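Colleague: Work the whole structure out from these sequences, hints included.
Now for the letters of each chain:
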Amino acid sequence: YSFCTLLGSRKQTAMINSLFIMSTGGCIVIEKHWKGMLPRHVADDYYSDFVLPHENPKDVVPIVTSGKFIFAHVLHCDLIFLAVLQGESPSMMIIEILQRIVDIFDKYFEDVNEDTIRDNFVTAYSILEEVLDNGFPMSIETSVLKELVPPPSISRLLHNLRPGDAPVNPTSFGVESQSTPWRKHGIRYSNNEIFFDMTEEIHSIVDADGRIISASVQGILDCNCRLTGMPDVVIQLRNPELLENAAFHACVRKSRYAQDSSICFIPPDGQFTLATYDVGGDQQFQPPFYVKPQIGFGDGSGRVSIMAGMRGSFVPTDKKDGQVQDLKLTVPLPSSVDSCTIDQSHGSAMFDYSTRELVWEIGRLSNSKSSSTPTLTATLHIRSDAERPSVTPPVLIEYNQTGGSFSGLKVETVNILNEGYKPYKGVRTFTKAGHFVVRS
Amino acid sequence: ATVSVLYWYRVPVMEVTARIAGKLHQEIQKRTKKSDAKFFSTTKRGEAHELKEDLNSGDKEREKNAVKKIIASMTLGRDVSNLFTDVVKLSRTRNMELKKLVYLYIMSNAKLQRDKAILTVNTFVHDSQHDNATIRALAIRTMLCIRVGNITDHCCAPLRSALSDKDPYVRKTAVLGVLKLFHTNPKLCEEQQFIAGLQKAAADKVASVVANAVLALGEILDNSNISVPITMTLITRLLNALPECTEWGQVSLLDFIARYRAKPEDAEFIINRTVPRLQHSNPSVVLSAIRCIFKSISSVPDDKKRAFCPRITPPMISLMSREPEIQYILLRNLEVILRGYPNIFTAKEIKAFFCKFTDPSYVKIEKLKVILRLLSEKNADVVLKELEEYCGEIDPAFLSAAISALGAVAIRLDRMAKRVMSILTNMLVNNLAVQVDVLSTLKNILRKYPQLFEDCVPLVIETVDLESFDNEHGKCSYIWMLGEFGGRPNTEEARACFEYYIDNFSEQPSSVKLIILTASVKYFLRSSKENECLLNSVLTQCTENEDDPDLRDRAYMYWRMLSNDKHAGKMSNLVIGSKPPIRDGSENEMDLSRLNELLNSLNTVAAVYQKPAASFLPKYGLYTEDADADDDDDDDEYDSASPVGSNPSPIAESQIPEPEEMVEQEVTPVPEPIPEPPAKSGASELDFLFGDGPTTVPAPAPAAPTSSGFLDDIFGGGSSTPAPAPAPTNTAPTMPLLLTNADGLNINGMYKRVGSSIILSLILSNSSQRVMSNFAVQFNTNILGLKNENLMQGIVINPGASAACDLTVVSVPGHVIPQHFPSQIAIKNDANVPYYFACEVPLSCAFRQDSVPDQGNFINTWKTLQEVQFFVNKPLHNITENLKGCGINFVGRHDADGATYFEGITLNGVKILFETRVVDTRTNFCVRSENPAYIGQWLTERVQQFFA
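Residue numbers (this note's numbering), protein chains in the order written: chain B, 107 to 546; chain H, 252 to 1199.
No lab work stands behind these hints, which were simulated from the structure alone. Computed from a predicted model, the values in this text were never measured in an experiment. Only true hints are included.
One side only, chain B facing chain H, incomplete, derived with CB under 7 Å: (1) Val167; (2) Ile169; (3) Ser197; (4) Met199; (5) Glu202; (6) Asp239; (7) Asn240; (8) Pro287; (9) Phe354; (10) Ala356; (11) Thr382.
Covered, in the sense of this in silico footprint (three residues per stretch, anywhere, with C-beta under 8 Å from a C-beta of chain H), are these stretches of chain B: (12) 136-146; (13) 186-196; (14) 225-231; (15) 319-325.
Don't be surprised by glycine CBs; every beta carbon is placed ideally from N, CA and C.
Modeller: In structure tokens:
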């Protein structure tokens, strides 16, 4: 350890020079330059050198250097958000900025794709103009940004239709308040409301025998705040000890949280993510249901059989029944599979030829022991000239669970200080599958 | 879409609103069709006139629409700069939206209308005194984005007043303005004392101003000779500003704090103040904080280090469930961290790095690397099970990485070897697609555990179908195994395989031929004499039919040794002797100073690339495509030597030799075609036979063996060096090879001092089939500003010949860029393709010979400068004379603590102060200079090479 500081770092901070948004087909939709124009062929060369050689654009490495440039990109739907840099920069920051730009566009245009960006190019340009200055991020907080760049006309119309929305106060425009850069003064609503959505995602890898290889639960606490003035919100949680490794929005006072585990903040206006967290403790995670796949291939044919059901040992964490809903199993089959005959006891199942995926939508899993177990058997027909597949595909799982969070964490009380009104407060909790894979 | 907007409404009334809104939405969409899209369709030729009219109409809406249309055409790449004057007229508008659009237009087009750009200055100056702070800031921001020479001069006054504006938003914008000015015109920025302004801003009471100020300062410090003292007071101030800053501000602050080399007593304080940042939802804040922590943690006692780990690792684990791009960046950085601090994760945490089916290929491969770094006795079983699972994946790149990872597990942990072997042999039988990878991994495992051969070699021989097996690497591994183990039980099958390959010898690629030759010799030595005809057949084919000198010479050598019974015994020793141990690539093969440099650069692109920034980055400054851009220093480009100087052509760029490939990507770096280095006896004498040279210096075929005396020389260790046929071009064996390439131009060379001048002495040799002439050489900007004084004239090299050339070099002030190290030199010949190579000035040539030390001021100067420490791994007792020869003069000695002080001035005039101290078996160096670039890696390498 002792030599770690011998050499000073030689670094050139230069941040983002240009941004190209291009389709996965290689067509530049929009370009923005913050430090002098770069010719378009820079992006075209990148596309032909790095994107084209890959069959799937999702496999393109996010940061590469070529010639005089550093290229960083994130992929969103069918768009490549490509940042071109000429100097050393914090790599994570570049990726996060791109990710944020995607999020902002998503919020502004509701669905980011080639058409929506082209349709709203002036807004898109203005956003890019505001979001970065000289390639360095400025106001990326959506609520502040919405004041600087009005959303495109249709959404603005909707925005104005919302009851209780005060007109934007033009004098406070752009000048951020110093202690709370994420919230400006003078926000007014006739109906004050604040809502919380607690979503827990279960990430898990389960092996063919039902043993859990890895499992983790990640929670997101989203907030939609429509409150007048400068309210100070205090949240108390039930079982706060489960909240491990929380990452908070900049508005949360971390010192207070360290003191008594209450989350205390002056919220930004509108929707934002208040916190993300891992559920800790020594809790052994067990998904509430089991999925047992058996997949095998012979010459010219194959067989998939899957069983799914609630675990006998499952005890709901909330008094509301923790029902498993929207259960959907996807089996990505080898490309040599031509067709499939499927027989399932519950839900609907189909084979998607274009993606070679066998999708079984089971829907709700019944909790009662008496009802029959959902099963699916499928016979696969393999192209005659293809070799026998050597790999067995896993089963990817999606589901939602009602009633209460998986971990038992709960928003217990919400108090508003600093303001006189009594707002409407609402809390919802969801549990759903994140990356959930059962290996076969 | 509408539903999601109204997602929060819970009262039924709201639902009605939603329905109305939905209808409205449809209606509006029908009418306007596509809101902004209409602007795209209307810009055709001949409409410029119409636009002009609109712009001058005085009607706000018409004006605004016209500007929008113009911007729309701009996005399509059309040149709309001819409307410049008309658009600029609108900049006085009071309408904010229009003003912004106009500014946007000016920013993009001013460069195309250099002479008219001056028209905008008045507006900007006027707006920079506006009552509204937003407009003031906007004017400053836009004005400095224009980057046209004559406008830049007018920026200084408004910028200066903005730096002390009463509104923090304006100050914050102005601080970034200084950075833009520096980017465009560093000299002006320095002359106008803006750096002092930045230092003042770094002490601002508003956190966001401080954050921007350190961002700007950081970039300026890195790219200039300017130095600013970084004190603990400043650092404490930055730490205090942290919680009040926006997330991006925090990144700037943390990155600046990471510059500070904390004293042990401050390190803990800094870490404690940084750790809470790990709870931020922005991953770049988390990673910058981690960088800060790892920068300071080395001076914290070990037990406390361990206490910090549980606070540092969970946030990293959390990031593993973010978008794949973010995971990738984290994983690459993590690999660097784990090289320095392998034990930060608990055994349980490894599970976070297990691959998911849906991960993109690049994430999976990085996860594998991290898993291998975290592999330990404790988690070996879990890891092995997991890796086995990956062997069922479809993605070929990942599959191949997983297989070599299995090999690495076996090589690292002895007890796993047998299990890995059985997994691999299983795959060999069941999955044809991975045969090559499996064979190569099996071969590596066998190198470490030859006793396991029975588990796999018979099976390999049985499984591999020689007729259809057609992969160069696969064949190499396969034949290697045959040579090594074929002589054991199943001789017959092995013999059949050999026969097959020897019969088809001429069709094999040359690497396979080489390995067949070596393997047959091994096989012969291990099995009975009856295989002699097999061996004879190979040797005959190699010596008679082959053109490849490598192959031919090696065959001759074997033949000579075999034909002399006296040496046959020694030969077994030599050819099948012990091999160097195989490593799995997990050791810290990166040397410490590089590792530290990378740890320092966590969260940068360099860390993601795991290469030093200088090896892939261009020079600082504006990008210029047209070489004659008048506001750029065009003398930095390779304008005479190379046509690619200003035009990034990927072909030419790719020929730059990668000077520092810092990380072995291969898990098992064992090139197959190289024969095992001979063991112990006679090794050094044989070197010339195995020599590195043959590919570059083709030696003529050696004469047939003449006497046994020759072999005696090889084995006997006689003092004379019996070169069989001296290579004609190899006249300067002491000069390092600088460049070698497929076109046949090889360059050896080094710097030397002749009298008072520095000479770059080069030997150019031509191994191609054509005559080379018209040489030209060009020095790129470099750390010492070296440039050649004389040209390379009249050099003509015939095929196979070589020519010497001495270039007198001098340091030219305008040619210095401290970051341009390693120094790059371009050379081209009549083929007109530039080649790049790097050649560093040794310590003995890097300093002025005539400098006189300034003893009086030494102590005072010493105190004000930044320091870097390094050491030479031997006690240097006569260091004074050694350094004097280099032009570094003795200043004084501190007898009490044994320190000796020196001072030298580099060729480009940078003064460097030295303190040296002999401690036990090594000599510590403390060097200080006003310019940190000269005491970093550059000087460390120079000194260490000099004393090596």
